[in-house]
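Undergrad: Starting from the structure of chain A, add chain B where the hints point.
Protein chains in written order, with UniProt numbering: chain A, 1 to 459; chain B, 1 to 459.
No lab work stands behind these hints: they were computed from the structure.
Note that this is a predicted model, so its numbers are computed, not measured.
Don't take each hint at face value.
Which copy? The list can't say, so a pair holds if one copy fits it or any two copies do.
[As the list claims (entries may be wrong)] Straight line, CA to CA, 20 Å or less: simulated SDA-like cross-link-like pairs of lysine to any residue:
1) K231 - D450
2) K118 - L174
3) K377 - V175
4) K42 - V441
5) K118 - P367
6) K457 - D403
7) K231 - L261
8) K211 - V281
Protein chains: 2
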Amino acid sequence: MDIIIIYLPHTNCLFYLMVDHFGFNIDRTFKQRYLIADNYWKEDGGSILFYTGNEGDIIWFCNNTGFMWDIAEEMKAMLVFAEHRYYGESLPFGADSFSDSRHLNFLTTEQALADFAKLIRYLKRTIPGARNQPVIALGGSYGGMLAAWFRMKYPHLVVGALASSAPIWQFNDLVPCDIFMKIVTTDFSQSGPNCSESIRRSWDAINRLAKKGPGLRWLSEALHLCTPLTKSQDVQRLKDWISETWVNVAMVDYPYESNFLQPLPAWPVKVVCQYFKYSNVPDTVMVQNIFQALNVYYNYSGQAKCLNVSETATSSLGVLGWSYQACTEMVMPTCSDGVDDMFEPHSWNMKEYSDDCFKQWGVRPRPSWIPTMYGGKNISSHTNIIFSNGELDPWSGGGVTKDITDTLLAIVIPNGAHHLDLRASNALDPVSVQLTRSLEVKYMKQWISDFYVRLRKMN
Amino acid sequence: MDIIIIYLPHTNCLFYLMVDHFGFNIDRTFKQRYLIADNYWKEDGGSILFYTGNEGDIIWFCNNTGFMWDIAEEMKAMLVFAEHRYYGESLPFGADSFSDSRHLNFLTTEQALADFAKLIRYLKRTIPGARNQPVIALGGSYGGMLAAWFRMKYPHLVVGALASSAPIWQFNDLVPCDIFMKIVTTDFSQSGPNCSESIRRSWDAINRLAKKGPGLRWLSEALHLCTPLTKSQDVQRLKDWISETWVNVAMVDYPYESNFLQPLPAWPVKVVCQYFKYSNVPDTVMVQNIFQALNVYYNYSGQAKCLNVSETATSSLGVLGWSYQACTEMVMPTCSDGVDDMFEPHSWNMKEYSDDCFKQWGVRPRPSWIPTMYGGKNISSHTNIIFSNGELDPWSGGGVTKDITDTLLAIVIPNGAHHLDLRASNALDPVSVQLTRSLEVKYMKQWISDFYVRLRKMN
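The shape of chain A in the complex, shown without the other chains:
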């Protein structure tokens, strides 16, 4: 059941980096991990495809970015996967890295981009034949934002960027905060009759049951929870966890069996929706349906003995680091109203969010910083970035889905979920993603050939 992808051998490497690129008082270094594969690399006319690692173990991203492996030969490319600081094994202060806000102080996008810059310069300096080769940044999701921002801030180091499912506009008031949950809802309403309507009603079913005498125990048993609900706050946590599950299923609604956040069947939203065909059912039946639906996501293997409310995805993602980033720079407002979406109404409350962050990490978010730094919607002076977005992906709401200029291109993939285009080619891929990938290769080849034309002119 588990999908095991075996890629060409790659080498695990380490590179010493400054913990603080932007200050000189702390003169400490740490080891960044990166993976490198040069089986198809050609010195003559080749290229370097550089994955700008995001919030997790780089090996996991490497194994879920089959696109780069698929095109390596055609692009005569060396593949490099750079791990993001504070994730995987690239911990600036080892086990202490997450101990407090002082140790976490160097976990920012700016530091991460500077890491990538130093690594690229190092690789060009030390790998014979690499110096005069074009580098392209690629990334998905947060890694896609980093790829785009890297091209914006370090255009001298990369000739272009493929930013897949990169919600660079999910900040401040650049897009409405309810756009994310609306897209999740659309996915569900298109994947089965009454599906989103049933889920919209399911919250009250849970609420009503929770209020009854033995309701918490009954809910815990009906949902096979590993840790039973004991107090009323647990019910909110339960609903948050279920909401996040539906969001995740929407994100990974891939057309084939896959194992990204969890092992899942093909088109998992459709499978989930099979349990939500009827919105007018007794509350107990509704909860039993929820349990069946949750099992699609948490128990596709059939091995799970109970469901754990504190987990929603693979442990390869660095939840601690991301929680800190969400509390500092990466403030991405979301909200729901229960009318245009299938979730309980939940407004965006910056004050509350900030207070929670302060409680958890001792820091306060700066929600307008990312648009100040990276330009918000005003990015038209940059060049050579492809923004690809799957139409099914809730993150596409904060993504660039229309061409900005003739070198800042948007590709929307109907039937595509979260960075589907970066995944390995699959027989079940819709034509739309196949076309997307060929278009991406076409543009990347253009950047590469433009680079070599300029290089020849200079020599």
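TA: Just chain B now, with coordinates in the frame of chain A:
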């Protein structure tokens, strides 16, 4: 004698900024000073000219950037002069700002550019009519580098930059380290017969005299030093101070009486060279000539009672802050060989430089960081930057003196010294600088009209 420039009234303002834009552990703010003048500003079709302050008091830069005042009406421009953190009155930790490397940790170009970015966003948000106006960054010298880098890193905030006398390539091995002193030498050799040759010989005259019994006392008296030389290291300091003086005179070799680094006559290098007509003179005569020449720079007012070896320029420059910056990011290698230039041979020794920095500030320079961050010579993907350089200016050696693309433009000003074009128009200005300024205005107007065309298209 003192040139007093009285500009239109401007308002001194303060803006609260984060001490650390790139970390969240220190949640402290400080007050940045900026000057604003809107007498000629028009809401309709106007612009904002934003001076990216450099290493000194912003009022002093404001008074030495008459060009902006001269063109304000024609450009319907609001003028903003932003003080650089750690200079003038913009001290993040008040009197403690320079106490140690911990307090100095936030003195970097990246933090300064982020300050400018926040200020521009703030002005656009709070000044009615400013929101939809194009901003142009202007700066000279280090401020010119900041202007260019600001356009490179924040093109969403400024439509272009005028970077006057900005030696963005005086880093690492981007240009030969001896280019700077060679240009100084050329200035002197072109400003009078035997001038550079005399200076080249003057060092040994000093050395020979210093070795004699009463030599130090004699030198101290002959040069009217405020603090007599007492040990042999003092002689090296003396020569360094004299060298720096000739460098400064070359920098401010303006065609009219001026008061930038010091009050000076027109064409001060020519005036200095009047005392260096004869290279074959006895050592004592040579030293008396040096004294006369030094007086041109240090005593044009005729008021100085003695010469102070520890000062070379106006106190409006922030020497402490700059010394720290030179020991961290702003490592600009210079060297001399005494053959192709008129100075004593002095090689560039990075190890020694780094050790000195560590002794003085407890930090070590990172000489390759600026090219990593700002692209070194590989900046062709940027647009709308004018690099102007005076041919007499030693800093032009590290500047951009040839067009890179049709929107990255270089203007070389024959007979121009350090950012002459940014100074107020003067009846004695050579035609070259008059032409330069009209060209600069032409390009800036183009950026502004392009901006308004885009704006109209969007609405």
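Undergrad: Next step is simple, just say for each hint if it's right about the structure.
TA: Now for the hints, and whether the structure bears them out:
no.	hint	result
1	K231 - D450	neither (63 Å within a copy, 62 Å between copies)
2	K118 - L174	between (31 Å within a copy, 17 Å between copies)
3	K377 - V175	within (10 Å within a copy, 37 Å between copies)
4	K42 - V441	within (17 Å within a copy, 48 Å between copies)
5	K118 - P367	between (28 Å within a copy, 13 Å between copies)
6	K457 - D403	between (30 Å within a copy, 15 Å between copies)
7	K231 - L261	neither (29 Å within a copy, 73 Å between copies)
8	K211 - V281	within (18 Å within a copy, 105 Å between copies)
Checked against the numbered hints given earlier, the structure breaks hints 1, 7 and satisfies all the rest.
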